[in-house]
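With chain U fixed as given, assemble chain Z onto it according to the hints.
If you read the sequences in order, they're chains U and Z.
First residue of the first sequence? That's 0 in numbering that gives the first Met the number 0, and the numbers climb one at a time after it.
First residue of the second sequence? That's 0 in numbering that gives the first Met the number 0, and the numbers climb one at a time after it.
Be a bit skeptical, because a hint or two may be false.
Cross-link-like lysine-lysine pairs, in silico, PhoX-like; alpha carbons within 20 Å at most [claimed, not checked]:
{"#": "1", "chain 1": "U", "residue 1": "Lys-143", "chain 2": "Z", "residue 2": "Lys-658"}
{"#": "2", "chain 1": "Z", "residue 1": "Lys-561", "chain 2": "U", "residue 2": "Lys-143"}
{"#": "3", "chain 1": "Z", "residue 1": "Lys-561", "chain 2": "Z", "residue 2": "Lys-497"}
{"#": "4", "chain 1": "Z", "residue 1": "Lys-100", "chain 2": "Z", "residue 2": "Lys-56"}
{"#": "5", "chain 1": "Z", "residue 1": "Lys-497", "chain 2": "Z", "residue 2": "Lys-565"}
{"#": "6", "chain 1": "Z", "residue 1": "Lys-100", "chain 2": "Z", "residue 2": "Lys-432"}
No lab work stands behind these hints, which were simulated from the structure alone.
Quick caveat: nothing in here was measured; it's all calculated off a predicted structure.
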Amino acid sequence: MKVSMTVNGVAVSHDVEPRTLLVQFLRENLGLTGTHVGCDTSSCGACTLILNGEAVKSCSLLAAQCEGAEVTTIEGLAASDGTLHPIQEGFREKHGLQCGYCTPGMIMSSVQLLQRNPNPSDQEIRHALEGNFCRCTGYDNIVKAVQWAASQS
Amino acid sequence: MGKMIGESIKRVEDHRFITGTGEYTDDIVLPRMTHAYILRSHLAHAKIKSVDTTAAKSADGVVAVFTGEDVAHINGIPTGWQVNFTDGEVMREPKHPLLVKDKALHVGDGVAIVIAESKEQARDAADLIEVDYEELSVVVDASKALEAGAPMVHDELPDNRAFDWQLGDKVAADTGMAKAHHVTKMRIRNQRMIANAIEPRSYIGDYSKARDKYTLYTSSQNPHVIRLLMCAFVLGIPEHKTRVVSKDVGGGFGSKIFHYAEEALVTWASQQIARPVKWTAERSEAFVTDAHGRDHNTIAEMGFDKDGNITALRVHTDANLGAYLSTFAPAIPTYLYGTLLQGQYVTPAIHVTVNGVFTHTTPVDAYRGAGRPEATYLLERLIDTAAAEMGMDPAELRMKNFIPAFDGVEQPGYQTQVALQYDSGDYEATMRKALDVLGYNDLRKEQEEARKQGRYIGIGFSSYIEACGIAPSAVVGSLGARAGLYESANVRVQPTGKVSVHTGSHSHGQGHDTTFAQVAADHLGIALEDIEIIHGDTEQVPFGMGTYGSRSLAVGGSAIVKALDKVKEKGAKVAAHLLEASEQDLEYIDGKWTVKGTDKSIGFGEVALASYVPHNFPEGLEPGIEFNSFYDPANFTYPFGTYIAVVEVDAETGTTEIKRFVAVDDVGNVVNPMIVDGQVHGGLAQGIGQALLEGAVYDESGQLTTGTYLDYAMPRADDLPSFEVDRNVTPCPHNPLGVKGCGEAGAIGSTPAIVNAVVDALRPLGIKDLEMPLTPQKVWAAIHNANA
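Okay, chain U solo, but in the shape it has when bound (with noise of 0.2 Å):
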């Protein structure tokens, strides 16, 4: 079946198979490998990504189900000038990534976190990420990095 959506800002359109997963969608038919999979229980939040305005799983949803939406990935969260967004400045500055496989995921929750609350204090950041798993950091440098960006505004 035919799906079209747009993804950081172009319009893209792709024949899939109706079991077609989001993240598969962009992995193997457009090529963005920025978004992972960690799991198949929807659980580490390693393919988290901005859909029409919210942070969801995109293991979670089949492709199908996006048609028409806009998505944003990591991919596309650095203006198009190159100039980072402050969340992924603020991984960088505060050590908050190693092996950055969870990166690309937690970076899309917090992007989500700071748009609902500007401000947030160290629990309310470990609450909102804890669809997120990182088995490197022990998430003292990601309450950081959240930090640091909320700090830029």
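Using the frame of chain U, we list chain Z on its own:
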């Protein structure tokens, strides 16, 4: 040029990760690539009576199907370490086949591989394979597997043992225990853990018929080791015609050290079908096929004289190895465990015995810390329990028994009772600093007050030591390692003065692109931007033993320093020629060779260019500047520290809240404090996860009941506190950087601190011990039973 070593330089590798442009193995797409799915046994022990692949072979998109029969002629997965029985019998190494033919020995054992145009087609076709199993009896616990009449894992091995092992002086330990005024004896279970790197294992085999050459892309911590094991021991293919590439790897924590069957399978299958073959684990598959960690059943006793001085330590452990021997498996519960039982203490006599035991479970191997967390956990539980039993303060009892400070230069290294010689240490200093940071005395008062109000606050200590910087080849060779554990480096100076540093270490989160560049920048006096660190490709890096055992900087970094020294030596020869001076009259400062006492100098870049444009080089001076080095360490390194956890247990719900966590480490010199803090944080999180949340559980039938992220509880952001980390510095005396390693410390030291804190909180209720993980349910039950 500013000094780089010691600075918290922001990581140069971060840009690709924060923009989604990292290159993990599953991101790689090759022309004509096929996809593999592996059909696995859902039973823990079963005879395979027949495998019918007829329908699968003719399913849509299927390119090939191979079974255990098809790969029966191929060697099994080898073990890298030989630990023989104490009576001299050679270690038992049953074949670990790429796919099983006659019997499945654990849930997840591979039965067939289906290769198709898409992953979905491969998975659909695998559903069409009919396997006729005959279910057999199962044993999952190491101690039960040793009992008479226990189900046998390998038909030829009636007692299920791979080896037994001992270390230390039994007579002295027995004597020390006999004369002890007080003995603390505990039964300790160190539960099975699953590393759960967030990137699942992923491999692509790519055989080129035109060049008769194999390429394996693998999410590995040590591509050269995989190449050697796969070429020489499994497939029998030429090493010089095999390239192994590990680009970005999404965490390892030990689980990606080992050579796995799927690596050899995709490589072999690619040659069979003359197309690339990709396999990526699904998470539920990773749970039953990634090597697990820990899983020790231990009885340990520590004796004390009437003043609280340790007189002896006796330990017996049944170590679960799973169904087959994984790459490092025999070394973990022996040479990386028994040798650490001295801890930070002057223990005059130690004896340890270990059984390495097969069970119908996933193979067990190194997981962050590997053997050292198990040793530290039992020591720190024993000494804490002993303090309570003897009515002593746990910090004071530790300090009374600490080995006095020694720097390994003025004072010699400390010879333990269990084979190792510690390099340098000041154990009391890290304890005192931790007590200061915590404000110990005030906290004890606070604890007293809280108890009066019916609140349960606990303070838990852990003073750990570890052996890392693995390892001197001669030492590990004498202990049964089948490999040397040196590291290699190559430094290539480009004509423009830019420098490519090739390292056999592998970064899967550690930040080598940054720290190694800091080391090279300082040594050459050039800008960080002028240095590129290259790793993870056997065709670019001369050789490598990879990254595990907190060895990258201590061993890999030292190899780089050696190569940099050669670069400077050669550069001086070229500079001397260009400056028409003698080499002895030159000094190298800030990237320039200067004739001492003059203003005549020449920069690194000019020397580099001249080396590649040698129009007037004298006879005997070779063009070019490029050097290899191999560094074999003189000793292990021994980082140490004291961790203190403060918890509050809610007696109504059994929930443990970590109120504070103070970690004072001494990892020797530090190249990048920001990165070291991050490594410590991550280790703490994993160690705390083991104490409170995580644990792999098999039921009696051998099913892993914690086989998804919904059942296996890894720490999430709101399970953890903000950490208070601090450091002392006792440089390593035997490597050029004075570094000791920091990757595993947090995971080793934090687990007992948490358990000690929870037990300390609940001691007024009469609770003396709890088995990990300390889930709310378990703690609530203990409180309930104590009250009953």
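Going through the hints against the structure:
1. U:Lys-143 / Z:Lys-658: 18 Å, holds
2. Z:Lys-561 / U:Lys-143: Violated: Z:Lys-561 and U:Lys-143 sit about 37 Å apart, past 20 Å.
3. Z:Lys-561 / Z:Lys-497: 18 Å, holds
4. Z:Lys-100 / Z:Lys-56: 18 Å, holds
5. Z:Lys-497 / Z:Lys-565: 16 Å, holds
6. Z:Lys-100 / Z:Lys-432: Since the Cα atoms of Z:Lys-100 and Z:Lys-432 sit roughly 58 Å apart, the hinted pair is violated (cutoff 20 Å).
In summary, the structure is inconsistent with hints 2, 6 from the numbered list given earlier, while agreeing with the others.
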